[in-house]
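Student: Below, each chain spelled out in residue letters.
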Amino acid sequence: MAIRNTTQRWGAIAQLLHWLIVALVITQFTLAMLFDDLPPSAHKLALLARHKSVGITILMLAALRLAWRWANPTPPLPDTLKPWERSAARFNHVLLYVLLFAVPVAGWTMSSARGFPVSWFGLFTLPDLVPKNKALYELLVTTHGILAWTLGVVAIIHMLAALKHHFVLKDDVLRRMLPLTSNKTQGSGR
Amino acid sequence: MRLLISGALVAAVLALQTVLAQPPAAAPATPATPAATHYVLDPAKSSLDYTFVQAGAANKGRFTRFQVAYDFAPESPAASRLDVTVDINSLDTGDQERDDTLRGADLFAVAKFPQAHFAASQIDRTASGYEAVGKLTIRGVTRDARVPFSFRTATENGAAVGYMSGKTSLRRLDYGVGQGDWKATDQVGNDVIVSFALRLTAR
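In order, the protein sequence lines correspond to chains U and B.
The numbering of the first sequence is my numbering, which starts it at 1 and goes up by one.
The numbering of the second sequence is my numbering, which starts it at 1 and goes up by one.
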């Protein structure tokens, strides 16, 4: 499998970043649901700390992914798409990227507003984005939640669209993002 | 020879008894705190802060109510005394939920142990200042503690004042601050840095 993207397939780096972020976003929803209703405890602190560290990791990976995308060819959308489908796909992809940045930044800002500095796995402490502010904290709790659920919904639409391409339209849209496969139409993934 | 040693011993014991029998006033060097100045706290211009690690990041807090009594004899620090009582309920980390958690049974248990107490009956002079040697009690657990500090006196508006400041580190689990799953130190560190900057007024 090629490291870089081709005009036919996503390369190894793009695939790795895509699926890593998928796994981490699922981890984030799981952690958030685990600690959401807990009373204050060391266990809750541990889950929250993990959630923050993973969130910052997603932010870093999203930045890396965007940079890699700009430095690589992008496999084009299939020619079979109608103009509105093309626009919807573009809009959905842009929204996914925006949310991959917005959700962690809202969470980080929310921690700063609460007065709790964010540490990345205990290895280094991130700077506070805003000074302590209770009203802003309350607002950001809601914002972080709404953005996260929006990301969840947009990601599910993205997933359903990919499955439709694979099982209904039977094209290469999903295959070209899967490792250990090749495109039907263009053969190998070079 | 044995007789000689015994004789010397008897003489020494007798001499010692004579010295000890003398009234304290007659011994000029005895630490009877004649020159000690008694200081009390100026709460408005004093702070007692602490720094702890939570979830990998340094967090700060303070106590807003505490009392200090300091008997300082400049000529004989060994005759000086320091007594500090902290109202644990006055802890303030800037977060209501965290403060309430800290007051709870598994951490400071303020309902049962409302105060922390440091009593130093000896002040040693060190290269950089002083060191209070005494007993620190937190959450009902008493341990030996040495607290280094600097102290300077001044006259302000005709009144004698003293400025005391210092920093020390202690381990919360030595005092049982952290029961149950709070015994774990991965989220809340064991080491706590305590710093103080006090303004004292002479009485």
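Calculated directly from the structure, the hints in this document are not laboratory data.
From a predicted model like this one, the values you see are computed outputs, not experimental measurements.
Treat the hints with caution; some may be incorrect.
Pair by pair, the computed Cβ-Cβ distance ranges are [unchecked claim]:
| # | chain 1 | residue 1 | chain 2 | residue 2 | range |
| --- | --- | --- | --- | --- | --- |
| 1 | B | 89 | U | 129 | 26 to 34 Å |
| 2 | U | 132 | B | 143 | 50 to 58 Å |
| 3 | B | 42 | U | 132 | 49 to 57 Å |
Which residues of chain B face chain U? A few of them, derived with a C-beta cut under 7 Å, are [stated by the list, open to error]:
| # | residue |
| --- | --- |
| 4 | 49 |
| 5 | 55 |
| 6 | 56 |
| 7 | 57 |
| 8 | 61 |
| 9 | 95 |
| 10 | 97 |
| 11 | 105 |
| 12 | 182 |
| 13 | 187 |
| 14 | 190 |
Just so it is clear, CB atoms sit at the ideal spot from N, CA and C, and this is done for glycine as well.
Student: The structure should be examined with respect to each hint, and the outcome stated for every one.
Tutor: Now the hints, each set against the structure:
1. B:89 <-> U:129: 26 to 34 Å: Cβ of residue 89 of chain B to Cβ of residue 129 of chain U: about 33 Å, so the range 26 to 34 Å holds.
2. U:132 <-> B:143: 50 to 58 Å: Cβ of residue 132 of chain U to Cβ of residue 143 of chain B: about 34 Å, so the range 50 to 58 Å is violated.
3. B:42 <-> U:132: 49 to 57 Å: 28 Å, violated
4. 49: For residue 49 of chain B, the interface hint is violated, since the closest Cβ of chain U sits about 15 Å away, which is over 7 Å.
5. 55: Nearest chain U Cβ about 4 Å off; hint holds.
6. 56: 3 Å, holds
7. 57: This hint holds: residue 57 of chain B lies near chain U, its Cβ roughly 4 Å from the closest one there, short of 7 Å.
8. 61: 11 Å, violated
9. 95: 6 Å, holds
10. 97: Nearest chain U Cβ about 6 Å off; hint holds.
11. 105: 12 Å, violated
12. 182: Check passed: Cβ of residue 182 of chain B comes within 5 Å of chain U, closer than 7 Å.
13. 187: It holds, given that the least Cβ distance between residue 187 of chain B and chain U is near 4 Å, below 7 Å.
14. 190: The hint is violated - residue 190 of chain B has no Cβ within 7 Å of chain U, the shortest such distance being about 13 Å.
Hint check: violations occur at hints 2, 3, 4, 8, 11, 14; the rest are consistent with the structure.
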